[in-house]
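Residue 713 in the working numbering sits at position 291 of the sequence shown; the count goes up by one each step and never skips.
Just so you know, these hints were derived from the structure itself, not from any lab.
All figures in this text were calculated on a predicted structure; none of them were measured in a lab.
Note that the Cβ used here is the ideal one computed from N, Cα and C, for glycine as well.
Careful: at least some of the hints might be erroneous.
Below, computed lysine-lysine pairings styled on DSS-like, alpha-carbon distance capped at 25 Å [claimed, not checked]:
id : residue 1 : residue 2
1  : Lys791    : Lys571
2  : Lys656    : Lys551
3  : Lys791    : Lys704
4  : Lys704    : Lys796
5  : Lys571    : Lys467
6  : Lys606    : Lys656
7  : Lys551    : Lys467
8  : Lys551    : Lys638
9  : Lys646    : Lys606
10 : Lys455    : Lys564
11 : Lys656    : Lys455
12 : Lys606    : Lys638
13 : Lys704    : Lys725
The calculated label-pair distances, taken between Cβ atoms and stated as ranges, are [stated by the list, open to error]:
id : residue 1 : residue 2 : range
14 : Leu577    : His433    : 18 to 24 Å
15 : Arg681    : Glu497    : 24 to 30 Å
16 : Met576    : Lys467    : 16 to 22 Å
17 : His500    : Glu540    : 37 to 43 Å
18 : Asp773    : Ala472    : 26 to 32 Å
19 : Gln748    : His500    : 41 to 47 Å
20 : Asp685    : Ser790    : 42 to 48 Å
21 : Ala472    : Lys571    : 14 to 20 Å
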Amino acid sequence: MRQNYTLYGWHLSYFTGKALCYLRYKQVDHTLKAVNLFTLTRTIKQKTGAAVMPVLKTASGDWIQDTSEIIDYIESLHHDNPVIPNTPVQEFASMLLEAWGDEWWVPIAMHTRWNNPENYAVFEHDAGKALLPWMPRFLQNKAAQRPAKMLKGMLPFVGIVPEQYDTMNEWTVQMLDTLDMHFKQFPFLLGARPTLGDFGLVGTMYGHLGRDPWPKRELIEPRKNLHAWLERMKDPALHAQFDLLPNDEIPATLNPVFRSIFDEFIPMVASVGDLATEHAAKHGLNQRLPRRIGEVCSTMGGKPFKRGALPYMIWMLQRALNCYQQMADSDKHAVRDWLRQHQAEHILNLDLPRVERRALTVAVTSLSKQRMEKVA
423 MRQNYTLYGW
433 HLSYFTGKAL
443 CYLRYKQVDH
453 TLKAVNLFTL
463 TRTIKQKTGA
473 AVMPVLKTAS
483 GDWIQDTSEI
493 IDYIESLHHD
503 NPVIPNTPVQ
513 EFASMLLEAW
523 GDEWWVPIAM
533 HTRWNNPENY
543 AVFEHDAGKA
553 LLPWMPRFLQ
563 NKAAQRPAKM
573 LKGMLPFVGI
583 VPEQYDTMNE
593 WTVQMLDTLD
603 MHFKQFPFLL
613 GARPTLGDFG
623 LVGTMYGHLG
633 RDPWPKRELI
643 EPRKNLHAWL
653 ERMKDPALHA
663 QFDLLPNDEI
673 PATLNPVFRS
683 IFDEFIPMVA
693 SVGDLATEHA
703 AKHGLNQRLP
713 RRIGEVCSTM
723 GGKPFKRGAL
733 PYMIWMLQRA
743 LNCYQQMADS
753 DKHAVRDWLR
763 QHQAEHILNL
773 DLPRVERRAL
783 TVAVTSLSKQ
793 RMEKVA
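Using the sequences provided together with the hints, build the complete structure.
Shown next as structure tokens:
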């Protein structure tokens, strides 16, 4: 089934890169259309409930806002070049990698962009031209100032404060080195073709680290294998017919990545879940939560790291846990064995509040009996 899709977004956008690389991999007919001021603040907001990007418009006129739901939608219709592995451990691992790429890397992407002034010229040019394509350059530059001010204002919101700069810088170098060593041995995260995890990770690399002048020069280009992976992700359809690692294998070169997921990312989401529970107990179920419901503390590279508690993270991790719950018993056993090797089997028993996505945030739809007792 061939359909024409329109992806509204910008090349410099974190999640547009994820969606764009995915659509290229699926080889579906699509057009990338830069979001102008009217489309962003009027059309998209009316269609999705939020002035955000990217958004996918389907041939039937539906508007899909979240990249994970965009992927779910396309996968359901276009079965060639699937991005979900068909073995249980790789499937579950890939969903964890997507959530980690979507959520954990946001502070790194924003830190490297907004705390290095030389990047601003690219943002100003691209954002201004997209917002007001019919206006002269000086007005485009002025238009770019508004989203720039808004995004800079969000830095403390995601933990980007001076006392945490060194923590983020050290973690970034260590993790990029880990990924560079991995891609020295493997073309993609789980073998010779990309999976959902690759598209989660490419978000921060496509528009931010791999495109902004400072991180591109200082962080990506010196790591030749990582840089080569990013170039493959820009045209991933060339690799669609290759294989993942056999025997449902997860390469040991990714062990530091999964340590970050199990020791840093998931504990942070669990803490967000506690705050979401408190909010739901106070305000009731099925109420849309604020985008930020307080602050949580996790670790980054073994050091404390504080950032805003974004309940959207619960929904992303919930997707991976739902995937596990829907597996056959034998497949669940394989996943538990893999997690046990990482001393992480406990994540399957996380008592997160059940949530439903509502534009850029979520609503708590149900709480376990144990959580209800705690907040009673």
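### Query
Does Lys467 lie within 25 Å of Lys551 when you go C-alpha to C-alpha?
20 Å, holds
### Query
That 37 to 43 Å hint for His500 and Glu540 (C-beta), does it hold up?
About 40 Å separates the Cβ atoms of His500 and Glu540, which means 37 to 43 Å holds.
### Task
For the pair supplied as a hint, Lys704 and Lys796, confirm whether the alpha-carbon distance does not exceed 25 Å.
Satisfied, since the Cα-Cα distance of roughly 13 Å is no more than 25 Å.
### Message
Given a hint of 26 to 32 Å, does the C-beta separation of Asp773 and Ala472 actually sit inside it?
### Response
29 Å, holds
### Task
Starting from the range 42 to 48 Å, see whether the pair Asp685 and Ser790 falls in it by beta-carbon distance.
24 Å, violated
### Query
Are the Cα positions of Lys656 and Lys455 separated by 25 Å at most?
With Cα atoms ~17 Å apart, Lys656 and Lys455 stay inside 25 Å; holds.
### Query
Quick one, are Lys606 and Lys656 close enough, alpha carbons at most 25 Å?
18 Å, holds
### Restraint check for Lys571 with Lys467, where alpha carbons must lie at most 25 Å apart
The hint holds at about 20 Å.
### Query
CA of Lys704 to CA of Lys725, is that 25 Å or under?
32 Å, violated
### Restraint check for Lys791 with Lys704, where alpha carbons must lie at most 25 Å apart
This hinted pair holds, its Cα atoms lying about 16 Å apart.
### Task
Check the following: the C-beta atoms of Ala472 and Lys571 are separated by a distance inside 14 to 20 Å.
For Ala472 and Lys571 the Cβ distance comes to about 19 Å; the hint holds.
#### Entry: Straight-line alpha-carbon gap Lys551 to Lys638, limit 25 Å
22 Å, holds
Violated hints, in rising order: 1, 13, 19 and 20; the structure is consistent with all others.
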